[in-house]
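Residue numbers (my numbering), protein chains in the order written: chain A, 1033 to 1689; chain B, 1033 to 1689.
No lab work stands behind these hints, which were simulated from the structure alone. Wrong hints could be hidden among the right ones.
In this list, chains with the same sequence are indistinguishable; a pair is considered to hold if it fits within one copy or across any two.
[To be verified] Derived lysine-lysine pairs resembling DSSO-like cross-links, with alpha carbons at most 30 Å apart:
(1) K1288 / K1382
(2) K1377 / K1288
(3) K1683 / K1086
(4) K1685 / K1382
Protein chains: 2
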Amino acid sequence: MNPIFAAQANAIRALSMDAVEAANSGHPGMPMGMADVATVLFNDYLKFDPADPKWPDRDRFVLSAGHGSMLIYALLHLTGYARPTIDDIRNFRQLGSPCAGHPENFELPGVECTTGPLGQGLAMAVGMAIAERHLNAVFGDDLVDHRTWVIAGDGCLMEGINHEAIGLAGHLNLGRLIVLWDDNRITIDGAVSLSSNEDVPARYAATGWHVVECDGHDPVSIAAAFDAAIADPRPSLVRCRTVIGKGAPNKQGTSKTHGSPLGKDEVAAARAELGWSAAPFEVPADVSAAWLAAGRRGAEPHAAWKDRLAASSDRAEFQRRIDGVLPAGADAADHIGALLANPQKVATRKASELALEPLTAAVPEMIGGSADLTGSNNTKTAVTGPLDRDHYAGRYVNYGIREFGMGAAMNGMALHGGVIPYGGTFLVFSDYARPAIRLSAIQQARVLYVMTHDSIGLGEDGPTHQPIEHLMALRVIPNLEVWRPCDAVETAEAWALGLARTDGPSLFALTRQNLPQLRTEGGMLSAKGAYRLKAAGAARRVVLIATGSEVEIAVGVAERLEAEGIGADVVSMPCWSRFDAQDAAYRADVLPQGVLRVSIEAGTTIGWERYTGLDGLRFGIDRFGASAPAEALYDYFGLTAEKITPKVLAKLKELQA
Amino acid sequence: MNPIFAAQANAIRALSMDAVEAANSGHPGMPMGMADVATVLFNDYLKFDPADPKWPDRDRFVLSAGHGSMLIYALLHLTGYARPTIDDIRNFRQLGSPCAGHPENFELPGVECTTGPLGQGLAMAVGMAIAERHLNAVFGDDLVDHRTWVIAGDGCLMEGINHEAIGLAGHLNLGRLIVLWDDNRITIDGAVSLSSNEDVPARYAATGWHVVECDGHDPVSIAAAFDAAIADPRPSLVRCRTVIGKGAPNKQGTSKTHGSPLGKDEVAAARAELGWSAAPFEVPADVSAAWLAAGRRGAEPHAAWKDRLAASSDRAEFQRRIDGVLPAGADAADHIGALLANPQKVATRKASELALEPLTAAVPEMIGGSADLTGSNNTKTAVTGPLDRDHYAGRYVNYGIREFGMGAAMNGMALHGGVIPYGGTFLVFSDYARPAIRLSAIQQARVLYVMTHDSIGLGEDGPTHQPIEHLMALRVIPNLEVWRPCDAVETAEAWALGLARTDGPSLFALTRQNLPQLRTEGGMLSAKGAYRLKAAGAARRVVLIATGSEVEIAVGVAERLEAEGIGADVVSMPCWSRFDAQDAAYRADVLPQGVLRVSIEAGTTIGWERYTGLDGLRFGIDRFGASAPAEALYDYFGLTAEKITPKVLAKLKELQA
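If we strip away everything but chain A, and leave its shape as in the complex, we get (with noise of 0.2 Å):
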């Protein structure tokens, strides 16, 4: 083996060793195990530049086994990253180091997604690499022609995203994906054949993905499968065979080394075990500039590609959709002036197939698609042809029924940039999704969820399809806009708020229903995510707050209450976390003290004291539903203006007792 490049894998193991016996925690395992694998990858393969971590033509590293996080901190440093420095690597694992436990897109450049919750790095890769393919076909060679790498464990492999994920790509044909599955035959509780017995290459040969082997602590062998992988029309499978912890003699090849500091005399024997003698976190000077010299490969080929940019009659346009700038008409202004003008009585997600149409006509890179509900969801519109193996310039994916898989690819898309998914399935599956949309948040992705079939109001199909808690769940996530509007006006402020929205991903609860249009003015009034929709005639003692389909019940209730000689506002409130957001004075205005204030919504009613106060009133649904026909649920759950306004008069009654 060239020393050189034993040192430099050496290197990676030595900061991995230092970085987590500083932190008294990390998993050095597998830094150490994949350091040749990675070492080859950085200085002959990847297509990147540290100068420029943004290049848009970079190939995508993404370390789908993302508790080996110093092994990309190590990688990145030694390349010549600006960040992470020796003293970032220093602090690994403390407040404020960039260098945190597992890698976080939004710390460093040239982390290209957050890692860690198995299984969905190698999965938000497929998105990448459907990004790529897509915009090259747009594009040309010239503009777009890199690769998506990834580094994978057991355990990314064993979760069952990764079914979906490898089933997407393989039916995509996504052949500039390659996987680097880092076969060391250990879990944390030990052997990997505690729990699996799976012959690993022939399931990713069963959906169509070509798999080459290697020894994952030699060169050549490395090198040569890699070739293989490149040559290969299909993603690849490339096993890495290697021994956990390399390098540590008493302690590789077993569960020890992948979640605990080695400890400092397994760290003094690892260091003579790989004549690394060098202080720790120094690394030796022709080290050092073996890998400086590996990261400066991408100088010539990214000049190269700028000087193509420059002269290309796409380049405004590609660099619009790169740097996520909206073309004109993604306000949807004229659709919504349209609605004003023309009144529609749709269900919810019908007024989601209006607004995407000329959304996704004016903005060429929403690329769409559903988990195989597309005439549920709506999510397919006249411009957006299917994106397949054939057709990559297509703009809709037909995920399969692969609810995880769509939302990890989407956050690869999303990731990758150029492009804006957005993808549809019923909102209860939000469930099968979550561990997705919890990181389009973390990662501040634009990644848009079309959740169709809302509440009971989707009726016969029953409990298992209807969300209660859903919403609420939803709503908790941090970072993540929850919309549920109540008209087709809503519908379409709600997808140009989301669109706009750069740093987060919004997510769309949709009925099934038909409803009736509230909204008479424009003024793009959802942006404050609750606003006075109809105000009291009479001397307002009660304010009505409802979303989606809720809020026609709530004028239903407002209506009778008026009838009564009490005055009442009702306030639409599609987004929880934008009026949460708003002044004070504002969040007064819209719920003003001394009134009864009262909420509808058709799922749980924990949460709802936040606007209702503990004096207030919360109609909506404690318990699973029940199979019927819409109508019939509305009413057996007590879910109508007739059955609600009595219980608002009287509590009027007891307050005023």
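Here the structure of chain A is known, so what remains is to put chain B in place on it, guided by the hints.
Then chain B, alone, in the frame of chain A:
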């Protein structure tokens, strides 16, 4: 084809068409496509006795493709179960009918589990097959010797959960599990080939399954495949080549038959095609007789089994376990007594292990496990040896990195009966298992979730691993008891109460970090969900409400307030839903009016207004976490007695002003 066989199958088709037509809602395609396969199964293979749907040694039949619910309703009715009656079927999908849109285990004996959320039926069947092999190993062939049969569609197979489920089944070599794959090549959006190019049999073979094919409309071919599946020692996938909507001449073989009524004309055409002239909802006498005869097949083996049970020396113990009655020692009374005598400062995950040791020793039906985090979840005890393919009598399942598969398998185990499953992962990965947790709750299954590392207190692993929204997102699931105990005593109480609960799941959120033992008296105080842990010394002006690790902080705040002459109660609230179920007087005593109520929980504050009111204070974390040691994080997020106390004092001043 035997004409009465064809008519039996057509009876299923006719009832399915009629019921969907009457409801104007439902899924005729699957029951019509799988009618022949189901007829062979129920006529000649399935061991069941309609006179006693709960016969413990019956075969389990799981309709994983739950949207085809009319298939099982027709089968139960035709074979002579007391319900559904023909009137129940006439009321398919109507309020109050047990024939719900998707099959619900709590509506109809004979429906072994609730299905509809795709992939989970098959995954629950894996758990049933585990329970069967375990009880067989414990009680022998005389008492336990049955199979688990599953009908699954492409949706079930494409979901990620399928990978986890079949991986576990293959690893455990559950040879008595037989999956009948409705290979109709159709999904909702169209051809399966729109979204998948997978070689399904190759994938199953890759994880140790036996695969056999049949013509799903030829009873001889079907029976031959069943015989091969039974003969093979591995779990079997029977690929049934079928035509969706078989019998509807103009729509069969297309997605049009999947989820909508066929329509009057097509129903008439189908009746002609099938030669079915009986009136809607009527079954000719000879066909009915043939079906009832099939239903009577089980009477004799059932009687013989009863004789064997009566003669068995294990009778009482077997019956106790099947009845779900706990043995002596399940209340952990001795353990709690020992804790009171000798307080333990341990993490609640360790406290859980301390409770599990005596509980698993006393309750032999408890079967533990972890999704590859055994050493972190502390779920393994001295008496729970591995349950693997060579030791089905074992009591600890290495579930692998399969959180969702673990949850679904536990549901199947609990529904099978005779065992009480518990399993562990990190609380943040409750998201991965969430769809199964929801089904535990819907199905009223006694499943115990051990969720450790329950807050930023896990420290360095950072935002992806730190639950922020999870406690609240779990609390809003109906019928799930979410526990967050504050010390070793509460942890033991939670275990005892969760074990004793027979109508739903319990989830324990447990710390990584050590906590002092705050409880000094017994009394099973956790049973009420919340209680006064410490009464105010000075005149009470504050009630501090906290859970888990934050109760210690609340005690610290109370001490500081008392030092200022301000009386402060500390309320420990380990289980919201239990507290909400107490009478008003108890709740008012614990959370009185006229005082400042303050919540402290290291998670989202949304929802805590329920107990603090809008005038109270809520201390928590409304953003994602960070990577740092636990103490640094608690300080950073302001969750220390030092930082909270001045804010409480300031609020008291404000209220006085």
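Taking 30 Å as the upper bound on the Cα-Cα distance, should K1377 and K1288 be classified as within, between, both, or neither?
-> Cα proximity of K1377 and K1288: across copies only (26 Å, versus 62 Å in one copy).
30 Å Cα cut-off: does K1288 pair with K1382 within a copy, between copies, both or neither?
-> For K1288 and K1382, only the inter-copy Cα distance (20 Å) is at most 30 Å; the intra-copy one is 55 Å.
Same-copy or cross-copy closeness of K1683 to K1086 [CA-CA at most 30 Å] = Neither: 59 Å inside a chain and 47 Å across chains, both beyond 30 Å.
Is it within a copy, between copies, both, or neither that the alpha carbon of K1685 lies no farther than 30 Å from that of K1382?
-> neither (41 Å within a copy, 53 Å between copies)
This entry does not satisfy hints 3 and 4, going by the numbered hints stated previously.
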